[in-house]
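Enquirer: Sequence order for the protein chains is A and B. Quick note: the first sequence uses the working numbering, first residue 1, plus one each step. Quick note: the second sequence uses the working numbering, first residue 1001, plus one each step.
Hints were generated in silico from the structure; no laboratory data involved. You can trust all of the hints, since none of them are fake.
Listed below are several chain B residues computed to face chain A (Cβ distance under 8 Å; list not exhaustive): (1) Phe1065; (2) Gly1136; (3) Val1254; (4) Pro1294.
Only a predicted model underlies this, so the values are computations on that prediction, with no experimental measurement involved. Don't be surprised by glycine CBs; every beta carbon is placed ideally from N, CA and C.
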Amino acid sequence: MLYFIEQLLNGVQLGMLLFLLAAGLTLIFGIMDLVNLAHGSLYMLGAYFAATFAALTGSFVLGAILALTATFVSGVALEVIAIRPLYGRSHLDQVLGTFGLLLFFNELVRLVWGPAGMTLSLPSAMLTAVQIIPGVYYPAYRLVIIAATLAVAALLYILVMRTRLGMLIRAGASNREMVGALGVNIKLLYTLVFGLGAALAGFAGLMQAPILTVQIGMGENILILAFVVIIIGGIGSIRGAFVAAIIVGLIDTLGRAFLPDLLRAMINTNAALTLAPALSSMSIYMLMAGILVFRPEGLFPAASK
Amino acid sequence: MSVLFERNPRNAVTIGLLVILALIPLYAALTGNTFAMTLFTRVLILAMAAVSLNLIMGYGGMVSFGHAAYLGLGGYAVGILAKEGVGSGFIQWPVAIAVSALFALIVGALSLRTRGVYFIMITLAFAQMVYYVAIGLDRYGGDDGLTIYKRSQFGGLIDLNNKTLFYYLCFALLLASIYLVSRLVNSRFGLAIQGARSNERRMRAIGFPVFRYKLVCFVIAGALCGLAGALLANHTNFISPAMMFWTRSGDLMVMVVLGGLATPFGPLVGTVTYLLLEEALSRVTEYPGLFLGPTLLLVAIYLHGGIAGLLERRAP
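Please construct the entire structure, taking both the sequences and the accompanying hints into account.
Expert: This is the structure in structure tokens:
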């Protein structure tokens, strides 16, 4: 039972991280109609910036703030230099172009930071385990991740639903040409949205940096999970991304933790033992397939364009 | 074959390339350059995978981002059977094709219900699922992969350990698949597929069972790529999940687009160009990606129709 609660929290934490990535992807796709494979690279950059700035300043929080700013600036620069010509092109061209960017960023990171990974150590206050309910201890930092991402999700909601910029973003998502025709600086809006997406991905990366090794290609696996999230949630929908991210996070974590034992209990053959770890990693894809059969547009399809 | 070879710069390049490819073993034998043999055998096999991807992506407009999964499935079929003591290629290769076709049938049935970017991401996600399953297969090496100690046996008919013979087998199979695909896309079936690429609703209204046609096309491409996977496993004597990581699928897409979508020899031209460019860059710089990445971006932005399109425009 205690193990279950721990895994449950791990699942929520993975879900929140996936949300940060998926929200950026889904915003960028919803508004600019752009498939961005380089999104995982921004996640990686966030982690590298955090590790570097934390080591330079000696403070995790200061390092995180600097890293967030740096990722935002990188995102804006990337949009202006490389992404703009890809707007309005076929998805295939966009896949090809952003795939090239991904190769470029992996190599750039290897050039700047070297092929070995980096680690980012936490302030000692965050290293301790907190007793969340009697008898259950949980690492404080993972709770910080959950709280911080929830706060970011709330801020994002307020930004999109309650501010003038958010109004323009939503308008851009439903009718790009009309927003441009009404005199809104659509170029600037696109750049800001891309920068926002980059900052969200960078935030996910820097929060994850102390838990994982910061290494080249770290964004490539999690990018696919983020894709699964936005397929399930419905492309273009932030609410869908949030719900789907939590579902995917929970199912993936709980599946890996419990499915092998469950299988062993049900079918006690050698084949089951061999297949168990393989099957448990299939769970979210099964979920995705199941949802697609009933709702090809995802759980929360964005308003049709 | 007269449909394939009209007189224009594009075909001149194609024929030149085919002649060069046919002479590679001779060159390797004369100079003792075994590396060229290894590199070009790999080119031929991946070109075959690219040809199969071109069938669905170029002619069918189905942008599948999970094509490396079939390479992996074909390779794993050979590797797993070899490990379990089934060494005959007469069993291994048909199983490789059948497994890939079956997976394509399942993925196609699910993903062809969706459009556009959903299709791209779903094919990507399913391929990634196969990747993780392969990592979970501890008995067959898990993350580290599996060495294949014996290449597929064809009962004395062909000895795959003979590098020259293997090269020409790959070459023949590549040409056969290019021929198969170009016959297929010019048949009534293929024209319906191409029609659906431009206007699916209209094709349905005329009365074509578009979904079924596309699914069949998707399965054929999967099966063909599965065969390429069986060849690849025999070429490297090794299989690992890395051969179907999603960036491999990206590489295959690059090869097809670079050469020219929906052209018979485009995938071959693209594969040769991409792999040689990669090889050349890694010789002159320690950081090939710094140049390769922006090149792909520029190709995506400026090079409509790939190399084939470039040669077309130069035509008088």
